Structures are given as C-alpha cells and as structure tokens.
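*Asks:* Sequence:
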Amino acid sequence: MKVSRLAAAAAVAGSAVLALSAPAFAHVSVQPEGTAAKGGYAVVDFKVPNERDNASTTKVEVNFPADHPLASVMPQPVAGWTTEVTKSKLDKPLEMHGKKIDEAVTKVTWTADGKGIEPGYFQKFPLSLGTLPEDTDELVFKAVQTYSNKEVVRWIEVQQDGQEEPENPAPVLTLSAASADEHGHGSTTAEDASDKKTETAAASDAGSSGGSDTTARVLGVAGIVVGAAGVAYGVLAGRRRSAA
Numbered sequence: 012m013k014v015s016r017l018a019a020a021a022a023v024a025g026s027a028v029l030a031l032s033a034p035a036f037a038h039v040s041v042q043p044e045g046t047a048a049k050g051g052y053a054v055v056d057f058k059v060p061n062e063r064d065n066a067s068t069t070k071v072e073v074n075f076p077a078d079h080p081l082a083s084v085m086p087q088p089v090a091g092w093t094t095e096v097t098k099s100k101l102d103k104p105l106e107m108h109g110k111k112i113d114e115a116v117t118k119v120t121w122t123a124d125g126k127g128i129e130p131g132y133f134q135k136f137p138l139s140l141g142t143l144p145e146d147t148d149e150l151v152f153k154a155v156q157t158y159s160n161k162e163v164v165r166w167i168e169v170q171q172d173g174q175e176e177p178e179n180p181a182p183v184l185t186l187s188a189a190s191a192d193e194h195g196h197g198s199t200t201a202e203d204a205s206d207k208k209t210e211t212a213a214a215s216d217a218g219s220s221g222g223s224d225t226t227a228r229v230l231g232v233a234g235i236v237v238g239a240a241g242v243a244y245g246v247l248a249g250r251r252r253s254a255a
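Note that the sequence shown covers residues 12 to 255 in our numbering.
Be careful, since some hints might not be right.
In silico DSS-like cross-links for lysine-lysine, where the CA-CA straight-line distance does not exceed 27 Å [said to hold, decoys possible]:
1) K161 to K118
2) K49 to K161
3) K118 to K98
4) K161 to K103
Label pairs and their computed distance ranges (CB to CB) [said to hold, decoys possible]:
5) A90 to D172: 31 to 41 Å
6) G91 to Q174: 36 to 46 Å
7) D124 to D146: 37 to 47 Å
8) L101 to G173: 26 to 36 Å
9) A188 to D64: 38 to 48 Å
10) G109 to K135: 25 to 35 Å
11) K58 to P104: 25 to 35 Å
12) F133 to P104: 29 to 39 Å
13) A37 to K100: 19 to 29 Å
Since the hints were made in silico from the structure, they are not lab data. As the structure is a computational prediction, the values presented were derived from the model and not from experiment. No residue lacks a Cβ here, since even glycine has one placed at the ideal position from N, Cα and C.
Based on the provided sequences and hints, a complete structural model is requested.
*Replies:* Set out below in structure tokens:
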C-alpha cells in the first residue's frame, strides 16, 4: 500500500514538473547556424513552435534591436511563406565596408500563404545578419506570433538577471568573441559557405592529384630498379656460362 501511494505521488509530482517546464521549451527562439561572432556575419534561425491545438500560426513578426542596428539582413526563402523586410532611417549612420549606411532593418515579417504552422509542428525562419555589434554580448529580438483564430502572442519580455524566465520571453541571440578571421568579415553567410565548399573541393582535387603524381613517381622508380636488377642478373648469368 505504501509503495503504491509513493508511486502515485511521484507520478503526480513528475506530471506537475513537466507541466510547469513545458512552456519554457515552446517559446519563439533564435539560434545561430554555427557561431555568431562579434564584428562578423551569421546565419540564424528563428524557431517558431505552434502552442495551440485548435489553430495554426499564420504570421510571425521579428523586431530588431534599435540600440544595435543591423545594416545587412537577408532572409532565406521559406516555402509557403511570404517575407517582408522593413527598413527605417537611422539617427546615426553606420559604416559598413567603407560605406556609410543611413538605414537599417527594423522588422522582418513572414505571412503564411496557406495553412501556416499547424498544431504539433514548428517552423524555422533563417536570416543572414551582419555586421554583428562588438559592444554587446547578446541581441534581443521581440517577436509577435499570430494564429489563425486571430490570437496574438507577444514574445517581448526581457530576461532579468537573477529572476525566473518570464512567461513570454523575447528571443535572445548570444554573441561569441570575435576571432582574427571573423573580425569585421562575414564567414557564415550563404555566399561564403558556397565559397568554402568550392575551396575545399579544389583542395581535395589538388590533394588527390598530388597523391596520384607521387604514386606514379614511386612506381616509375620501382620499375627502373627492377629493370636494372634484371640487366645485372643477365650479365652475371652470361659470365657464369662463359666460365663454365
């Protein structure tokens, strides 16, 4: 009897923990594909889960931090969604690749062309961002999620140090320290990734070619040695016959 009661109590406690912790994993979040280094570029994914059982997510808005404007924001096409990039004038122009930029992206909006994100599913929305600021360790994006039943959920609450996670936390992108290669340059954009693949393939071809050349030289030398040995053997055999 006591064992049954303890098991029942444990089951109830476990269910309560799961119920309380589930929302923490279901909010809109942002993660880099690789690293997001200060002063460089990064491709990031905004992950949007559907939290409702009776409605689909049909619209997602991501607002960019005004205190750290980003001059370059390029969305990757997402099947079934229309993307709109909103830009605004900057009070203080930015300098990018030797040019002054007087506007920056303030919002990106994705609108579903069809059913959107249905219950039980999530969707990733990729963006290429740059250049990332060097004077902060993180970027806070405020997101708004709209459902097919007209419900709107605002993921805009900023996490405060020493406090529990808010009910509707804003997506936060953590920035890593800048390296010599990444400082002021983009190394994770789609174009750069393509260039890296090309360089890797070329290096691989060069390595294969070099390996083939080395093998050919070794075989050639071995052939010469074998040939010389054959000639020497023939001469020696001829001398033995003459002596006999």
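*Asks:* Starting from the hint list further up, note which numbers the structure goes against and sort them upward.
*Replies:* 2, 4 and 13
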